[in-house]
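A.B. asks: What follows is each chain in one-letter form.
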Amino acid sequence: MESAFLIEKGVIILVVFGITMLIALYSTFAERVLAGYFQDRLGPNRAGPGGLLQPLADGVKMFTKEDFIPETPNKLLFILGPGLAMTTALMTSAVIPWGRQLTLFGYTATLQAADINIAILYVFGVISIGVYGIMIGGWASNNKFSLLGAVRASSQMISYEVAMGLSMIAVLMVSGSLSMHEIAENQHGFIDWNWHGHKFAWPSWYVFKQPLAFLIFLICAFAETNRTPFDLPECESELVGGYHTEYSSMKLGFFLFAEYVNMFISSAIIAIVFFGGYNYPGMDWVHSTLGGNAETIIGTLVLFAKIFFFIFFYMWVRWTVPRFRYDQLMNLGWKILMPLAILNIVITGIVLIATGA
Amino acid sequence: MTDYGSISLTGRKIDVSQKEMTFSEKLYLPGIIKGMGITLKHFFSKKVTVQYPDEKREFSPVYRGQHILMRDENGAERCTACGLCALACPAEAITMTSAERKPGEENLYREEKYASVYEINMLRCIFCGLCEEACPKEAIFLTEKISNADYSREGFIFGKDKLVLKPEQQVL
Chain B
1 MESAFLIEKG VIILVVFGIT MLIALYSTFA ERVLAGYFQD RLGPNRAGPG GLLQPLADGV
61 KMFTKEDFIP ETPNKLLFIL GPGLAMTTAL MTSAVIPWGR QLTLFGYTAT LQAADINIAI
121 LYVFGVISIG VYGIMIGGWA SNNKFSLLGA VRASSQMISY EVAMGLSMIA VLMVSGSLSM
181 HEIAENQHGF IDWNWHGHKF AWPSWYVFKQ PLAFLIFLIC AFAETNRTPF DLPECESELV
241 GGYHTEYSSM KLGFFLFAEY VNMFISSAII AIVFFGGYNY PGMDWVHSTL GGNAETIIGT
301 LVLFAKIFFF IFFYMWVRWT VPRFRYDQLM NLGWKILMPL AILNIVITGI VLIATGA
Chain R
1 MTDYGSISLT GRKIDVSQKE MTFSEKLYLP GIIKGMGITL KHFFSKKVTV QYPDEKREFS
61 PVYRGQHILM RDENGAERCT ACGLCALACP AEAITMTSAE RKPGEENLYR EEKYASVYEI
121 NMLRCIFCGL CEEACPKEAI FLTEKISNAD YSREGFIFGK DKLVLKPEQQ VL
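If you're matching them up, the sequences are chains B and R in order. For the first sequence, the numbering used here gives the first residue as 1, with consecutive numbering after it. For the second sequence, the numbering used here gives the first residue as 1, with consecutive numbering after it.
Only chain B is shown next, with the shape it has when bound in the complex (with noise of 0.2 Å):
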């Protein structure tokens, strides 16, 4: 029983890390051909059928550049930097529920590598880590706009981890769990709604409860992962590259992959938290009919629509809002979101105590 869980376990992780990497890869080109898209342009479609082997092709290409190491005393971190980024990048995925039960040859394996209670914690613990690879890398490259594009992202992620925090404890009060296996079962089924005699049935997402927490989580989870209009640590046009200057080869590629991975990661739990993760309306009744197999199956690949919905959704902004300025950007962090944060718990609470949940 030992090994088989061991067995489980190892295969979800290897088959969520490839995964996680092969979405990261064509992020890239999605990006690309939106931003052509957005731009009545076409797009990279020259590799391959429909520029499909693009990714491959930049990915040569970034392993044959030279690997360029800047005069500094810390050659060491200047390593680290964009591995602590990935690492982080992929840690997070660990805790993500991808889906129900799966049974396969009479054993019964959950679609996810660890439901631990505190899964939250662990991912709020992670992202404030990846903090670290951009401020090491940028401090370790001896170069003052890197150095300017370090202390921006990590001021800038510290702010807007406040207000995300605060946002999520909200959603907490309502689930009443920390465990993100049981906030996406807690989000099955419908809650049935009578308006003048009208009856609605709304799928029970916790956007339809806490729709002022999605909208603060979803613009401070553009800030953590350094996304348009909050990609201040870059911002090619005032700091060259930002955080990233000095790097070149695969170590750039690390850290620009690991924005990709952030927003896949970011994309699922904002579709898990907020959106219902892998449930979706007639669920019950693919189970009666079809078998547990069978929705479970459907109810990943939803969960893959929702995630796909939101990065399409990370790049449409993208190619929309312009780059905030730094004042701007601090005064919604700290003025705005986080009071409106806050605002969010206190009137949860009251409704939670009135209607007696």
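A portion of the hints provided could be inaccurate.
[What the hints assert, rightly or not] Distance ranges between label pairs, derived from CB positions:
(1) R/K166 - B/L22: 48 to 56 Å
(2) R/Y4 - B/D327: 34 to 42 Å
(3) B/G349 - R/I32: 52 to 60 Å
(4) R/I33 - B/A305: 17 to 25 Å
(5) B/E182 - R/D15: 30 to 38 Å
In short, the hints are calculated from the structure, not lab data. None of the values given here were measured: they were computed from a predicted structure. Think of the CB as a built atom: it goes at the ideal place given N, C-alpha and C, for glycine as much as any other residue.
We have chain B already, so just place chain R on it with the hints.
C.D. replies: Then chain R, alone, in the frame of chain B:
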């Protein structure tokens, strides 16, 4: 006295206003949603890209591209090396050396004098078409061909091998 501040030469002058933002403007969100609607409209709109080597943009009938030295109806070169094109050229891109036609070369060169060397420096050429206008023998024309890129400066000096119309291309 004229108020010089109100003059607008293009008629498109807009005064900059620094008025206080309204509440909905301060929220940013309505503006962002509106902007995202605009980008989504562009996402589905027709793409303007011309995929160059596969499809070529239609040229204007007066487009001036790479030069060509024409032959007459018998296949003999029309150019007599009079030098008027070189004289007309504002970029001084054209050089030539003249030579006298030997007996038995009547099928190669139309007149007694011809250009033994005719070179156009494509890096200097500005494709103005004045050589075409100056030519009294209707020998030089600017075609719709885009002149090729090259790796060396020498490669941009086009000699007669690249400029003279190939006999098999001639349409009578």
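A.B. asks: For every hint, state whether the structure bears it out.
C.D. replies: Evaluation of the provided hints:
Checked against the given bound of 48 to 56 Å, the beta carbons of R/K166 and B/L22, roughly 52 Å apart, stay inside it. Our hint of 34 to 42 Å for R/Y4 and B/D327 holds, since their Cβ atoms are close to 36 Å apart. Against the hinted window of 52 to 60 Å, the Cβ-Cβ separation of B/G349 and R/I32 comes to about 30 Å, which falls outside the hint. Taking the beta carbon of each, R/I33 and B/A305 are about 23 Å apart, inside 17 to 25 Å as hinted.
Distance hint check: the CB atoms of B/E182 and R/D15 are about 59 Å apart, inconsistent with the given range 30 to 38 Å.
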